[in-house]
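With chain A's structure known, arrange chain B with the ligands on it following the hints.
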Amino acid sequence: MPLTWLILLILAIAFAGYVLGRRRALNSAGGDRRVLHSLPSYYGAIVAMWAVVPAAGVLIIWLLVQPYIVNSSVLSTLPDTMVAEGSSFSLVMSDVRRVADGLDVAVSTGAMSREAAASLSTEDTDVRETLGDMGVALGSAVSAEVLGAAQAYRAMNATGALMMAVVVLLITLGGAGFALSRSHAEFRARNAVERGVLALLIAAASLAVLTTIGIVFALLFNTIEFFKLYPAADFFFGTNWAPSFSGRGGASDLGILPLLWGTFYISLIALLVAVPIGLFAAIYLSEYASPRLRSIAKPLIEILAGIPTIVYGLFALLTVGPLLVTMFGKDTLGWMSGGTAVMTAGLVMGIMLIPFVSSLSDDIINAVPQAMRDGSYGLGATQSETIRHVILPAALPGIVGAILLAASRAIGETMIVVLGAGAAARLSLNPFEAMTTITAKIVSQLTGDADFASPEALVAFALGMTLFVLTLGLNVFALYIVRKYREQYD
Amino acid sequence: MNDMRILERDVDTKEVKIAARDVQVYYGTNHAIKDVSVDIEDKTVTAFIGPSGCGKSTFLRCINRMNDTIDVCRVTGDIRIDNQDIYDPRVDPVQLRAKVGMVFQKPNPFPKSIYDNVAYGPRIHGLARNKADLDDIVEKSLRRGAIWDEVKDRLNAPGTGLSGGQQQRLCIARAVATEPEVLLMDEPCSALDPIATAQIEELIDELRQSYSVVIVTHSMQQAARVSQKTAFFHLGNLVEYGETGTIFTNPVDPRTESYITGRIG
Ligand SMILES: Nc1ncnc2c1ncn2[C@@H]1O[C@H](COP(=O)(O)OP(=O)(O)O)[C@@H](O)[C@H]1O
Ligand SMILES: [Mg+2]
Numbered sequence: 001m002p003l004t005w006l007i008l009l010i011l012a013i014a015f016a017g018y019v020l021g022r023r024r025a026l027n028s029a030g031g032d033r034r035v036l037h038s039l040p041s042y043y044g045a046i047v048a049m050w051a052v053v054p055a056a057g058v059l060i061i062w063l064l065v066q067p068y069i070v071n072s073s074v075l076s077t078l079p080d081t082m083v084a085e086g087s088s089f090s091l092v093m094s095d096v097r098r099v100a101d102g103l104d105v106a107v108s109t110g111a112m113s114r115e116a117a118a119s120l121s122t123e124d125t126d127v128r129e130t131l132g133d134m135g136v137a138l139g140s141a142v143s144a145e146v147l148g149a150a151q152a153y154r155a156m157n158a159t160g161a162l163m164m165a166v167v168v169l170l171i172t173l174g175g176a177g178f179a180l181s182r183s184h185a186e187f188r189a190r191n192a193v194e195r196g197v198l199a200l201l202i203a204a205a206s207l208a209v210l211t212t213i214g215i216v217f218a219l220l221f222n223t224i225e226f227f228k229l230y231p232a233a234d235f236f237f238g239t240n241w242a243p244s245f246s247g248r249g250g251a252s253d254l255g256i257l258p259l260l261w262g263t264f265y266i267s268l269i270a271l272l273v274a275v276p277i278g279l280f281a282a283i284y285l286s287e288y289a290s291p292r293l294r295s296i297a298k299p300l301i302e303i304l305a306g307i308p309t310i311v312y313g314l315f316a317l318l319t320v321g322p323l324l325v326t327m328f329g330k331d332t333l334g335w336m337s338g339g340t341a342v343m344t345a346g347l348v349m350g351i352m353l354i355p356f357v358s359s360l361s362d363d364i365i366n367a368v369p370q371a372m373r374d375g376s377y378g379l380g381a382t383q384s385e386t387i388r389h390v391i392l393p394a395a396l397p398g399i400v401g402a403i404l405l406a407a408s409r410a411i412g413e414t415m416i417v418v419l420g421a422g423a424a425a426r427l428s429l430n431p432f433e434a435m436t437t438i439t440a441k442i443v444s445q446l447t448g449d450a451d452f453a454s455p456e457a458l459v460a461f462a463l464g465m466t467l468f469v470l471t472l473g474l475n476v477f478a479l480y481i482v483r484k485y486r487e488q489y490d
Numbered sequence: 001m002n003d004m005r006i007l008e009r010d011v012d013t014k015e016v017k018i019a020a021r022d023v024q025v026y027y028g029t030n031h032a033i034k035d036v037s038v039d040i041e042d043k044t045v046t047a048f049i050g051p052s053g054c055g056k057s058t059f060l061r062c063i064n065r066m067n068d069t070i071d072v073c074r075v076t077g078d079i080r081i082d083n084q085d086i087y088d089p090r091v092d093p094v095q096l097r098a099k100v101g102m103v104f105q106k107p108n109p110f111p112k113s114i115y116d117n118v119a120y121g122p123r124i125h126g127l128a129r130n131k132a133d134l135d136d137i138v139e140k141s142l143r144r145g146a147i148w149d150e151v152k153d154r155l156n157a158p159g160t161g162l163s164g165g166q167q168q169r170l171c172i173a174r175a176v177a178t179e180p181e182v183l184l185m186d187e188p189c190s191a192l193d194p195i196a197t198a199q200i201e202e203l204i205d206e207l208r209q210s211y212s213v214v215i216v217t218h219s220m221q222q223a224a225r226v227s228q229k230t231a232f233f234h235l236g237n238l239v240e241y242g243e244t245g246t247i248f249t250n251p252v253d254p255r256t257e258s259y260i261t262g263r264i265g
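The listed protein sequences derive, respectively, from chains A and B. Just so you know, we're using our numbering here: the first sequence kicks off at 1 and counts up by one. Just so you know, we're using our numbering here: the second sequence kicks off at 1 and counts up by one.
Since the hints were made in silico from the structure, they are not lab data. Heads up, the beta-carbon is just placed ideally off N, CA and C, and yes, glycines get one too. Please note that a few of the clues may not be correct.
Stated by the list, open to error - If you only want the chain B side, here are some residues facing chain A, beta carbon under 8 angstroms, derived:
hint: 1; residue: 66
hint: 2; residue: 69
hint: 3; residue: 95
hint: 4; residue: 102
hint: 5; residue: 104
hint: 6; residue: 108
hint: 7; residue: 111
hint: 8; residue: 113
hint: 9; residue: 125
hint: 10; residue: 129
hint: 11; residue: 131
hint: 12; residue: 134
hint: 13; residue: 174
hint: 14; residue: 175
Chain B on its own, in the form it takes in the complex:
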């Protein structure tokens, strides 16, 4: 956990995982993302903050091409993961999404058992050689999602029967099960109570060991607590991007400062 007053954080320069250049997104005629360029590092938690409707979710969904499922949405520009253009026609968005996991705002477990929820991704991608293998993957993922101890005795109970916080951790475990390299989280705690939020935040900090995590949040405290890098979006523009400590204590752009001090809602 971080404290926003500490300026020297463990931000050794890491490899760039996701590189976006001049990304534009249009919903029909609505220009939702304007000229966004950003380098997101590996093994780092990057937070997207900004007032609601500024395009945080839209940009996040560009990274795993979830925007392809929206008819009116058009994306231009260049987004590379490990230097591979993900909008290249040769890239299969379906494969890409297995590599770039996503956790949504509202916990959305499938109406299936806890086990089947986690096994869903490995099954459709053929990641397990046999049942024992699959059991291993499920257990490992549930442990990663910090929910194993709570559900190990009722893996066959429906996932929808868990509490909100448990459901969200189940969704994280489900995303982790396909062994992604990047984990995208769109306001993962906004539907949860403070205790569940704290659990998820702790989990995010652990996930940083293995993944590049990008989290959208409307809570600046949360961004300050969990992230090393922060990007501030405003009206579709990326206004400022840098180390979280700097953004919160020493913002360059006046818009960032007024947002952080509460003058832009």
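With the rest of the complex left out, here is chain A:
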């Protein structure tokens, strides 16, 4: 039975349970809803919940576990010799899966009967050709073992799916029945539903937290793996970044300092652009602009935040880079040799960050109570004196928080760097030279055909971990400052 049908069936049972539960509770109260402990819909809802939730849980677990079991038992039927000639178990398994998928397609298009697919053998047919005729292309001829495994794979999956459907439906019915049996007038259905909702919310929250933890652990394990192959001191204090690529041999220099410097330098330029412009824009919008202008200008600025960073990257590559070259290049000052440079990426990233700074600062400035402004105007201060002496100092911690959040955005930015700053890892003070950042190097270390067990690929995880720790630290610091600021006016 296809999964969609199974899910629809569960929902149908839940709906029926809802109606029945409601009616049963009402009946037990003699049709008088005032006698019920809870509103009738709660009695329905609790039955529906009992029908859906345990069944859905089992369904999800089953779907996660079944492929493992099927894979391992199919693998155990394959002779070791097969694996020896191939490169690994997983390659053989993917062959098996492709054949099985091909048979599925053949059956579902009606080109082959179910029995024919199950009894197909390599002796009397060329499976590759037969499947090819039906539109399923295979890379190589199918051996008898693989075909057998594929048939076993199909059979096991079919029985698995059937068993799953039966078990899940039984659980649905059982849950609904159990809840129905409790639908009496005195049953506190409302409280039970409340607990159910709570459990649901907790599940959602813990899923989010667990995912984060999972990501951190994935990073952590690979990072540890990397440090087994490459000394940590060389990584953190090395001033040279020169990975050798697979096949070319030779040892790699994987020092993070040039990348860290590039990241820092580009972010610094970006913040030098974004902070003044964003802050001044925020001050203008919140203190000077008329409400009409504000209602138009604020969304316009925030559009900047919605532009995909790859578009900014193109802007850097095609517009800002060449423009800077004509201004500072060979023909004039001779500071800049190519369009990709720290300056290019920094300027464009700064533009990208303007809305972050301006819209957060705008909110923070608006949160400064009107009483502060009145007090200052009442003493004969002008508008800009009021802003400089009262509003900005009062909003400062919040603004610093906004700037730190923008900084962590800058540190994590990739696309603009890849397109705007070049790929050369370099420790240099000249902002018109090409440099690169941690994020850009993570991309270049993982794309291409690098072996995932080599230090050249694993270094990406160590870089990612460093980046994560950096931005996490910045974010925590920013949140701490923003929160401290909030306490002031409560």
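Below, chain B with the ligands without anything else, positioned relative to chain A:
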């Protein structure tokens, strides 16, 4: 302190400090102040009373042009301080506000130190020649605000850390520091407890020696206690204006009487 039963108060005829004629105030289309004319005397406490929403604060804010900071607000008519039209285009509202200090309903010290709160006005108006001068101004103002003794040992502590009553006295000291001639107070005690209120009222009575004080209050007892003159506002009109004793014991207008006896809320 006054007692409302005493009709003969020390109300020698004093100079007129603020003269308003035919003042109209509109918030958009809402006509909030209608045809108000009033003469407010120097070295006198004048109370504005009236039911809430009748325009007391609005009229008060006309006197230091705080209404200019509200976009929709439009003021017409003639208000003179020392015979100088304050709505004259040549008058700088910013300078005017240094001369006409204001204390607000809710104490609003800046999130700065006590010292910086008081020094704020003198600093932006350049009233002190040097640091010692500024220290003097701060001390004098804090003494005027009757809070010096309580804060002299912690001038660098934040003003927001004081109690409500102390904060309000700090705000009064802050207003006094720019050496105003008129002090406007918009319900200065409504956020305070009775003890702090009594302290502020006492302070207002002292401030009368040097300033023309205009106080908005919703408490008739307070008006009777601190003021020599009272103006009763109702629905944007100035209904009755006269000596406080007369207003409270012998009102002319029936609306004043019903408000004072508690029939208009
Ligand atoms: N900032 C404002 N914008 C629009 N209308 C206002 C504003 N302030 C006051 N008003 C209106 O003006 C009228 C008088 O208000 P206000 O002077 O605050 O009264 P009071 O201080 O006597 O309680 C009210 O109708 C009020 O709604
Ligand atoms: Mg008011």
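Exercise. Which of the numbered hints are not met once you compare them with the structure shown?
Worked result: 8, 10, 11, 12
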